[in-house]
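Protein chains in written order, with this note's numbering: chain A, 1 to 224; chain B, 1 to 454.
Calculated directly from the structure, the hints in this document are not laboratory data.
Some clues are possibly wrong.
As the list claims (entries may be wrong) - Computed footprint of chain A on chain B; a stretch qualifies when at least three of its residues, placed anywhere within it, have a C-beta under 8 Å from a C-beta of chain A:
{"#": "1", "region": "189-197"}
{"#": "2", "region": "304-313"}
{"#": "3", "region": "353-359"}
To be verified - Some residues of chain B that are not near chain A, with every Cβ distance over 12 Å (derived):
{"#": "4", "residue": "Phe3"}
{"#": "5", "residue": "Ala34"}
{"#": "6", "residue": "Arg53"}
{"#": "7", "residue": "Thr54"}
{"#": "8", "residue": "Gln73"}
{"#": "9", "residue": "Thr76"}
{"#": "10", "residue": "Arg78"}
{"#": "11", "residue": "Phe186"}
{"#": "12", "residue": "Ser293"}
{"#": "13", "residue": "Ala371"}
Just so you know, these numbers come straight off a predicted model, no measurement behind them.
Beta carbons: idealized from backbone N, C-alpha and C, even for Gly.
Each chain, written out:
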Amino acid sequence: MKILLVEDDKQTADYIAKGLREHSHVVDHADNGRDGLYLATGEKYDVMIVDRMLPAMDGLSLVKAARASNVRTPVLFLTTMGGVDDRVTGLEAGGDDYLVKPFAFAELLARVGALARRPPMVAATSLAVADLEMDLLARTVTRAGRRIELLAQEFKILEYLLRHAGEVVTRTMLLEKVWDFHFDPKTNIVETHISRLRSKIDKAFDKPLLHTVRGAGYVIRAPD
Amino acid sequence: MSFARLTRILRSASFRLTLFYAVLFVASAGALFATVYWTATAAMQNDMAAVLRTEAYQLAEVHGRLGLGGLGQQITRRMNFRTRGPIFYLLQAPNRRVVVGNLPGMPPVEGVVDFVPQSDPPEPDTEPSKLTGFGLTLPDGSFLLVAQDADRLTEMQHAIVRAFVWAGGLTLLLAIAGGALIASSFLRRIDTITRTSRAIMEGDLSARIPVRGTHDEIDQLVSSLNAMLGRIQQLMDGLRQVSSDIAHDLRTPLGRLRQHLEDARERAKTTADYDAATDAAIEEADALLETFSALLRIAQVEAGAQRRGFTDVDLSELVRSVGEAYQPAAEDSEHRLTYKVDDGIHLTGDRQLLAQMISNLVENALRHTQAGSTVSLALRKASAGFEIEMADNGPGIPESEHERVFDRFYRLDQSRSTAGSGLGLALVKAIAGLHGLTIRLEDRKPGLGVVVAG
Chain A
1 MKILLVEDDK
11 QTADYIAKGL
21 REHSHVVDHA
31 DNGRDGLYLA
41 TGEKYDVMIV
51 DRMLPAMDGL
61 SLVKAARASN
71 VRTPVLFLTT
81 MGGVDDRVTG
91 LEAGGDDYLV
101 KPFAFAELLA
111 RVGALARRPP
121 MVAATSLAVA
131 DLEMDLLART
141 VTRAGRRIEL
151 LAQEFKILEY
161 LLRHAGEVVT
171 RTMLLEKVWD
181 FHFDPKTNIV
191 ETHISRLRSK
201 IDKAFDKPLL
211 HTVRGAGYVI
221 RAPD
Chain B
1 MSFARLTRIL
11 RSASFRLTLF
21 YAVLFVASAG
31 ALFATVYWTA
41 TAAMQNDMAA
51 VLRTEAYQLA
61 EVHGRLGLGG
71 LGQQITRRMN
81 FRTRGPIFYL
91 LQAPNRRVVV
101 GNLPGMPPVE
111 GVVDFVPQSD
121 PPEPDTEPSK
131 LTGFGLTLPD
141 GSFLLVAQDA
151 DRLTEMQHAI
161 VRAFVWAGGL
171 TLLLAIAGGA
181 LIASSFLRRI
191 DTITRTSRAI
201 MEGDLSARIP
211 VRGTHDEIDQ
221 LVSSLNAMLG
231 RIQQLMDGLR
241 QVSSDIAHDL
251 RTPLGRLRQH
261 LEDARERAKT
271 TADYDAATDA
281 AIEEADALLE
291 TFSALLRIAQ
301 VEAGAQRRGF
311 TDVDLSELVR
321 SVGEAYQPAA
331 EDSEHRLTYK
341 VDDGIHLTGD
351 RQLLAQMISN
361 LVENALRHTQ
371 AGSTVSLALR
381 KASAGFEIEM
391 ADNGPGIPES
401 EHERVFDRFY
411 RLDQSRSTAG
421 SGLGLALVKA
431 IAGLHGLTIR
441 LEDRKPGLGV
451 VVAG
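With the rest of the complex left out, here is chain A (with noise of 0.2 Å):
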């Protein structure tokens, strides 16, 4: 993949380039709002890292600006802590996510991977991976044709895990997408509702598909 970063802290910049190139991303860096600016409309990119705080231009007004010339390229935004207007403002200039520095690595790059392979916006009605099977009219959900019962926040896990089949996604990405929870709760909510959904999903069958990836997330994928 080819990623745009615009960040001007250079050991956080340097900390980023070389963990996406060590995944065997491209990466170009620019370490001011302008040349990310020059960049972001000459070039193409599959997804555009921006720091919010950028000197020569801000990464509002970056983001704003390519969004203007038509680059439609994904924007995860990196912004600091504390910041609780920061999203909302930062999803209305055109972002697609955000991120609170400090972030662990494997958060950035599921985020990253999300982001570049965000599914076309048409209305699937039904999803599947291997013999797992999510009807999104009926809102029922079969394995191996047998009939599973799912309660509503553990179907709308399984539906996030289904459209992101095959990428790590993290246990802050659930917290959003699931509750719409933009904060860090102390108490492990993510870690017990996928126990549940794990329990009704795998534990009857021979090959399991919804996998912990340590240190990073879960992932759902069909069995070799």
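With the hints as your guide, set chain B onto chain A.
Just chain B, lined up with the frame of chain A:
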């Protein structure tokens, strides 16, 4: 009154305002004066002219009947027996010879005329007074003039001028004195405000400006200034508290972080040892970051900036979704979590913060009660709005500690050993405050009830 004080009074806004109004008053009085002056003068002049005209035409009629000689006799009689004010006469034959009269001869004029008679020879001891006359040329070419002293008019004009000068001067004087008085009283009160603010700048944050109790504009200003000072002091105290809290409460985890790093550096023999030590260090660092993030969040919420982004929040849906989210976690820690929600309760607020507030209440209850306890979350309509209640049947909190549990970093002795930053309830209080909600703790014997009411 010292010179400096007088200068200040003269320069004060209230004095200048009074002076401005005084000048405005004098100007309008001047306009009134001019109107009165001219109207009265014109009326009096008309009056005098009418009297003279009547007299002249009466005499002209005598002339028609008795001729020049008869008119001369009639005028002589009138001059001798005139009782009502001095009237002057002049009758000149067509050849300009004075037939009779007490005025010197003059060229004939028609109608009303103002003039000063020229004595011939001039009389040095009597000042010639201004006269108003009415001249008439008779059919035979002789000239008749009837005149009256104009002094009455002048006297009246002088009286009007005097009255206005006195009244205007007195008004101006009163205005200046009154202005100075008001200005000096205002200055005294402003001085008090200045003195108080100086005292505050010099470090006495508790100083307040005295209120007079008159409920006037200055009192209102003073009240809101005092309220502002109170708020500033509260914020300053908060800041001071936070700084010392951070210093005390972050020393321990930072020490532990250092210890883990030292372990990795000095004692790790295998990769597994090394991994364990760095993992522990990362966990410690994450906890520290989380604490900072919570502190920042509390500070932001207390600053009240989020109010801009308030929207309608379906509180019923939110409480139900938080209850549902925590159910499995509660089961895993062997708690019974129940939730009971009345439908259709809405609130204008920040959904994220309200979600965090309710989550913190649930987590607090789960963390501080033993396995087997029941914790129940409820949202119900109350007489004046709604109540969010988080109740448990755990050990509860002693009455004496009820106020302090909402302080930052405050932890009961019995919960020192359990995980948690001691910031959860402080954030709950800040979020409730932001939304104008009140929190109370209730002793449920056994257990604790936290009620957030709005």
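Consistency of the hints with the structure:
no.	hint	in the structure
1	189-197	violated (count 0)
2	304-313	holds (count 4)
3	353-359	holds (count 4)
4	Phe3	holds, 57 Å
5	Ala34	holds, 67 Å
6	Arg53	holds, 93 Å
7	Thr54	holds, 95 Å
8	Gln73	holds, 114 Å
9	Thr76	holds, 111 Å
10	Arg78	holds, 105 Å
11	Phe186	holds, 44 Å
12	Ser293	violated, 5 Å
13	Ala371	holds, 15 Å
Consistency note: the structure conflicts with the earlier hints numbered 1 and 12.
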